[in-house]
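Work out the full structure, taking the sequences as your base and the hints as a guide.
Protein chains in written order, with my numbering: chain S, 1 to 771; chain P, 1 to 325.
Don't take every hint at face value.
[Stated by the list, open to error] Dumping the calculated DSSO-like pairs for lysine-lysine here, alpha-carbon to alpha-carbon at most 27 Å:
hint: 1; chain 1: S; residue 1: LYS292; chain 2: S; residue 2: LYS170
hint: 2; chain 1: P; residue 1: LYS296; chain 2: P; residue 2: LYS99
hint: 3; chain 1: S; residue 1: LYS754; chain 2: P; residue 2: LYS296
hint: 4; chain 1: S; residue 1: LYS380; chain 2: S; residue 2: LYS342
hint: 5; chain 1: P; residue 1: LYS293; chain 2: S; residue 2: LYS761
hint: 6; chain 1: P; residue 1: LYS293; chain 2: S; residue 2: LYS754
What the hints contain is simulated information worked out from the structure, not anything from laboratory work.
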Amino acid sequence: MNEIKPTQSIGVPQPLVDGPEKVSGKALYSSDFIPNNCLVGRIFRSPVAHAEIIKLDVSGAEALPGVHGIITGEDCDEPYGVLPIARFEYPMARDKVRYRGEPLACVAAADVETAQKAIDLIKFEYKELPAYFTSSDAMSKDAIDLHDHRPGNIEREVDYEIGDVDSALKDADLVLEETFNCPEICQVQTEPHAAIAEYDAERDYMTVRASTQVPFYVHIMLAKTLKMNQSKIRVIKPHIGGGFGCRTECLNIELMCALVARKAKGTVRLVVSREETFITHRGRPETDVKMKIGVKKDGTITAVDFQVIQRGGGFSGYGVVTILYAGSLVFGVYNFENARYKGLRVLTNTPPPGAMRGHGTVGVRYAFEALIDELSNQLKMDPIEFRRRNFLSAPTFTANDLMINSYGLPECLDWVEKKSDWKSKRGNLAPYRGIGVAASHYLSGASKSVNWTGEPHATIHLKLDWDASITLLTGAPEIGQGSTTVITQCVAEVLGLDMTRIQSITSDSKVTPKDNGAYSSRITFMVGNAAINAANNLKQVLIEAAAKKLDCKPEDVECLGEVYRAASQDEGMTFEEVVLAALEGTGTLTVKGNYDTIPESHGTKKYRGGAIGGSMAYAYSAQVVEVTIDPETAQVTVDKVWVAQDVGKALNPLSCEGQIQGSVWMGMGQAISEETVYHNGLGVSGSMLDYRVPSIIESPPIEVGIIESIDPHGPFGAKEAGETSLSSFIPALTNAVADAIGVRPIDLPVTPDKLMELMEKRESGQKAGAE
Amino acid sequence: MELMPNFQLHRPETVGDAIKARTDNEEALYVAGGTDMLVNVRRGIEQPQNLVDLSAISGMKSITEDSDGLHIGASVTLKEIHDHEALVKNYTAISQSAKAVAGATHQMYGTLGGNLCLDTRCLFYNQSEWWRQSNDYCLKERGDTCHVAPGGKRCFAAFSGDMAPSMLVYNAEVDIAGEGGIKRVPLKDLYNNDGLDHLTLKPGELVTAVHLPQELAGDPSSYEKARIRGSIDFPLAGVAVRLRKSAEGSIEDLAIALTAVNPYPQIVSGLEGLIGAKLSEENATQVRDTVRKQAKPMRTTTVAPWYRRRVIGAIAKRLLEELAG
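Next comes the structure, spelled out in structure tokens:
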């Protein structure tokens, strides 16, 4: 007799549930929605970086046949922004423009040619003001303020000390300090921003489809800027071509689209160009890190003293959170008690950056891991051994109260050390070849959400109907990271069913429960736990229904997925029979599940903003990178990467591997070639030719090791999988370059011109020494 | 992508009809693969009312070989060039150049003629209409200031084709068709040292073919370009070297040509002194320094000009040493 077993979904490599649509071209993205009589939206953008608006004359454009509506800053006096404490951006500039490309007006016209003609007819009179394109210029004494309520152009100053840094540095046997520059970068996700707004003038009802990671935040900001009741708005997130943090806050695109649709009393499709996507920005800010670390002879870290300056662009966005993350997440990888942090988030006349993958942590982690590589060298200690001397011991709380219950960093380092053949390679490779190591971590969802509503952190609905299918309703935005697949797996696992029993509907505010969005790597942890809770609740309903039919106690019912039975000799009931029993008298059922974080995970009260960094769990990564450098062209080739990440439990090993490789690859872009370049505030690199995302030629073989530390709070033990391994790539690369040529690149990206300068300096230095 | 403006498309089937379509129509432009030109059209850099598509002309699509050498139609794709056996074997640098252009898909569309007639490039020029307008345009287009060398009255936009230097070291000639018929001129005469007006073609003239001389077939040669990424990028600096050695190993003939460091593809001069000599570290270094002197990269890309000058010399020396064996 065949043994009846529940189907296992967790820990099994699963192709993504929405994969077939995507690979066959059937998936619809925002810009694919072209309703009948759809108008074309187009944006008039500021040609100058900083100016008072004298007059914006749209009369010529308004008079143009085929133009159905034009909006300007006059049409919206409600500011928006992701952080309730820093909402002072308008969909279109009102008093001043603060960066080149800031929207001033939006046109809705019958076709794209008319829309462009209308844009060309807009007359903008302005009085130019001094503009500041660097943090230091914006902070200079005689600089005028971009915003009256932000004196000195400081968006946020963070200043705290934990422990006693000065005495700990005195106690150290070796102290090193270095200042690292990490230029601004962008996500360059495949899909440029797009929104389609359908305004129903009869009912005063707005439906918006948008390429966003946070439909809930978009919903709130639409209501705020349109001054409409939230119940009169519906937000739908179609398929998305990548996010990586550039859409973790409501963008002016969605807002302008809706505002102009209402003005035109129709439907408007606003799809922006790649350049406009760069201008909308929300990438990683330029970050200068001054890092000082003291160590004992045995390698133990005594104190960390560091300063961070971030060029924040014209508006806040996530800025306050970014500068706080840069401080708080220096903790959590290694064990040290003394740290002093000074962070400055500066307002400048450049497009506002945002919460890019590895939010806030990447520059600081780079500086930290590069400096401890140098410390290990000077202590003549193997850098992996150095790191071992500074391990945390879980469960623990860090000096700034980050709650750490699982810590797989030791196993990650063991794995990369062994797989890369580190011991025989380090220091022994041929000239111009080198190998480097680094580690990193990232949180599994911010424990406190930025818009705290008192609702559970995550909610899942499961609809069970007469056809014995389960419809999974989730607001969690699938942005290509595989969240819908993971949630489906969680439900299937609890119920012991094959995943094909479950179909999902995602991110439609009229249908799916509210979800905070796809950011801070929260979905697997938070929504996964809510999905487990929902599935357990549904299972209980099914068990009780089965018990009634089987005439036994619920606790005696054995749930085997497709079969429920009272005892092993009982033939039991099929899943379909149990479902019909459960629906008797009640009809279609919707069962829900929730998840909430625990207060212990909410960060520290030791300093202002201490909640930022708090998470239920932290994932860990270690990475070894091997490089070859061309002695003549100074070109760096990444030969191979070995990366191990502690993901708690790999719910879907296939997508974990993909996410880890993607993180490595994105880190590589920042390390070797990516940088946004401006000419007086005009983005020079606003195309995929001039902004140099690595091509397939630069993409090295990446060997992935998955470490499972089984976090006690994680869904089946899982933690973050999609961001952690980004930041460890960058220092591992520069450490490898230092190993290869004996000179350490400090400023990113390590392009051949920068490296050649270093190599030539080294050579002339050596010659000078020899003479 | 920016808006593609309306234009009339012409698809002539003969060279004569193409020239007629180009000269009879206002603001007409030829388009072959379009991989570079259509980007410029979308950006408003070119605003043609008429586009004369060359892809229907059958006479420009083949590679033939005879006792004079190799004859390549201007519409032959870059992929066909890098795959072509005789080119791989006898004119190696040319095949390597074709493989170095942009990315694999561009090579399937891009043509030899298009690459030879590629517009010059500059970071202040290859930008959107909004961008250029916000920056008051530039000397090369609608403006009166050069942002690369403010105050100057010359355009420094860099010629960035990969094919030209390799063809130049093989003394290639081109057929230029015009209203008066076809003339054959040395490839080097196709170019001016002027970023604003780098082609000597008269209005309506069309490059229809390239001829490679038989007497240089089989000379060892090589092409390499410096760029940040191993694909997609235009050259920051590119070098083609052709070196013929005698049985004893001395240099019999040497030609070097550069791209991306001047407004035109440049043949390096002053190498005659090496003829008859054996390649040594000393004279290879001399060549490196000669190349560095003649390359005049300006701030037309985001990568510093000094690096482009350093690297072009380093690549020239390396190629030379590799070819010398």
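Taking the hints in turn, this is what the structure says about them:
1. Distance restraint check for S:LYS292 and S:LYS170: the Cα-Cα separation of roughly 13 Å lies within the 27 Å cut-off, and the hinted pair is therefore satisfied.
2. The suggested pairing of P:LYS296 with P:LYS99 holds, with an alpha-carbon distance near 25 Å, which does not exceed 27 Å.
3. Using a Cα cut-off of 27 Å, the hinted pair S:LYS754 and P:LYS296 holds, with the two alpha carbons roughly 20 Å apart.
4. Straight-line distance between C-alpha atoms of S:LYS380 and S:LYS342 comes to about 31 Å, which puts the hinted pair past the 27 Å bound.
5. Distance hint between P:LYS293 and S:LYS761 is fulfilled; the C-alpha atoms sit about 21 Å from each other, no more than 27 Å.
6. At most 27 Å may separate the alpha-carbon atoms for a hinted pair to count; P:LYS293 and S:LYS754 meet this at roughly 21 Å.
When held up to the earlier numbered hints, the structure conflicts with hint 4 and nothing else.
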